[in-house]
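Here are the chains, one letter per residue:
Number of protein chains: 2
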Amino acid sequence: MSHPGKPDSPPPTKTSHREIERKFLVARLPDGLNAGIAQRVVQGYLAITADGSEVRLRRLDGRFLQTVKSGTGRERNEWEIELTRGQFEGLWPATVGKQIVKTRAEIVDGANVFELDRFEDALTGLVIVEVEFDTPGDADAFQPPSWFGVEVTDDERYKNRNLALHGVPKR
Amino acid sequence: MSHPGKPDSPPPTKTSHREIERKFLVARLPDGLNAGIAQRVVQGYLAITADGSEVRLRRLDGRFLQTVKSGTGRERNEWEIELTRGQFEGLWPATVGKQIVKTRAEIVDGANVFELDRFEDALTGLVIVEVEFDTPGDADAFQPPSWFGVEVTDDERYKNRNLALHGVPKR
Numbered sequence: 139m140s141h142p143g144k145p146d147s148p149p150p151t152k153t154s155h156r157e158i159e160r161k162f163l164v165a166r167l168p169d170g171l172n173a174g175i176a177q178r179v180v181q182g183y184l185a186i187t188a189d190g191s192e193v194r195l196r197r198l199d200g201r202f203l204q205t206v207k208s209g210t211g212r213e214r215n216e217w218e219i220e221l222t223r224g225q226f227e228g229l230w231p232a233t234v235g236k237q238i239v240k241t242r243a244e245i246v247d248g249a250n251v252f253e254l255d256r257f258e259d260a261l262t263g264l265v266i267v268e269v270e271f272d273t274p275g276d277a278d279a280f281q282p283p284s285w286f287g288v289e290v291t292d293d294e295r296y297k298n299r300n301l302a303l304h305g306v307p308k309r
Numbered sequence: 139m140s141h142p143g144k145p146d147s148p149p150p151t152k153t154s155h156r157e158i159e160r161k162f163l164v165a166r167l168p169d170g171l172n173a174g175i176a177q178r179v180v181q182g183y184l185a186i187t188a189d190g191s192e193v194r195l196r197r198l199d200g201r202f203l204q205t206v207k208s209g210t211g212r213e214r215n216e217w218e219i220e221l222t223r224g225q226f227e228g229l230w231p232a233t234v235g236k237q238i239v240k241t242r243a244e245i246v247d248g249a250n251v252f253e254l255d256r257f258e259d260a261l262t263g264l265v266i267v268e269v270e271f272d273t274p275g276d277a278d279a280f281q282p283p284s285w286f287g288v289e290v291t292d293d294e295r296y297k298n299r300n301l302a303l304h305g306v307p308k309r
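The listed protein sequences derive, respectively, from chains A and B.
In short: position in the first sequence from 1, add 138, done, that's the working numbering.
In short: position in the second sequence from 1, add 138, done, that's the working numbering.
Since the hints were derived computationally from the structure, they do not count as laboratory data.
Hints may be right or wrong, so weigh each one.
Same chains, same label: a pair holds when it works inside one copy or across any pair of copies.
As the list claims (entries may be wrong) - In silico SDA-like cross-links for lysine to any residue, where the CA-CA straight-line distance does not exceed 25 angstroms:
no.	residue 1	residue 2
1	Lys308	Phe226
2	Lys308	Leu198
3	Lys207	Gly287
4	Lys297	Ala243
5	Lys308	Leu203
6	Lys308	Ile219
7	Lys207	Gly224
8	Lys308	Gln225
The task is simple: from the sequences and hints, build the whole structure.
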């Protein structure tokens, strides 16, 4: 039988993006790091499904956001709305046990911009650096600086949703 | 290892409820039914998880609601916030393939109030009546009127989330 509201064409996406990025652990931050202003990110998940969908609450820069992601890989869609503080606080308790707090800093290093995430609370000690690229070729050509550790780009355990659920992976 | 934000006590619930209800299919509505004003309910799911959690958008009476349910059975918690129309419309496309439209009417029959749900779109033809009770004893003692069909109280396939995902069950 057919489905209620089954689409004839792909659903519209509020924000559609295809990121090309690589992700590395950081064992020790270099001295004299030129990090920009750090931003505290508090996020929690209202739901995480087995097929890769998630509903996430996020608080940053005094803004409150709710993001819905569905699908995996290239078929990933994303919708985002801004919440009021009251709405955020009404839903936040539903994220207990599925929360993440981190401080994000941007590091400009020559032509590259690195996003450095320092995790807090139960994830304290975990530091991850991300680099975004315009093309897959750029991503392949990238030479990580010496302070970059093990690459975890394809390691599902380092996705924020999995860190929130399961904590720091045993290596 | 411990969990980020792991609670020491159960999380607070915005709305907490334990419903005692029975649910029946309706094959044919009786003549001269004393139904109150019907209300159109449009709802869609942002996420449905295997462990019984869900994030639901609902539009009724010109209001826009988002409800988060977690857990199953007696441990079920629920949080609900009101959305603006704009917020609702920003998220609604994320519910494609997981939507339900129904018309709900209240029927007063002696001491009982029946909630009659007439489903639309791909679920057209499906009619379900629900009766709520104050005590388990009242529920046991209830004698369904002759126009009530098969009882589906414990049939998971008739939960709204499953109707939204899988359509009308084959009997």
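Which hints, by number, does the structure contradict?
Going through the list in order, the structure violates hints 1, 2, 3, 5, 6, 8 and respects the others.
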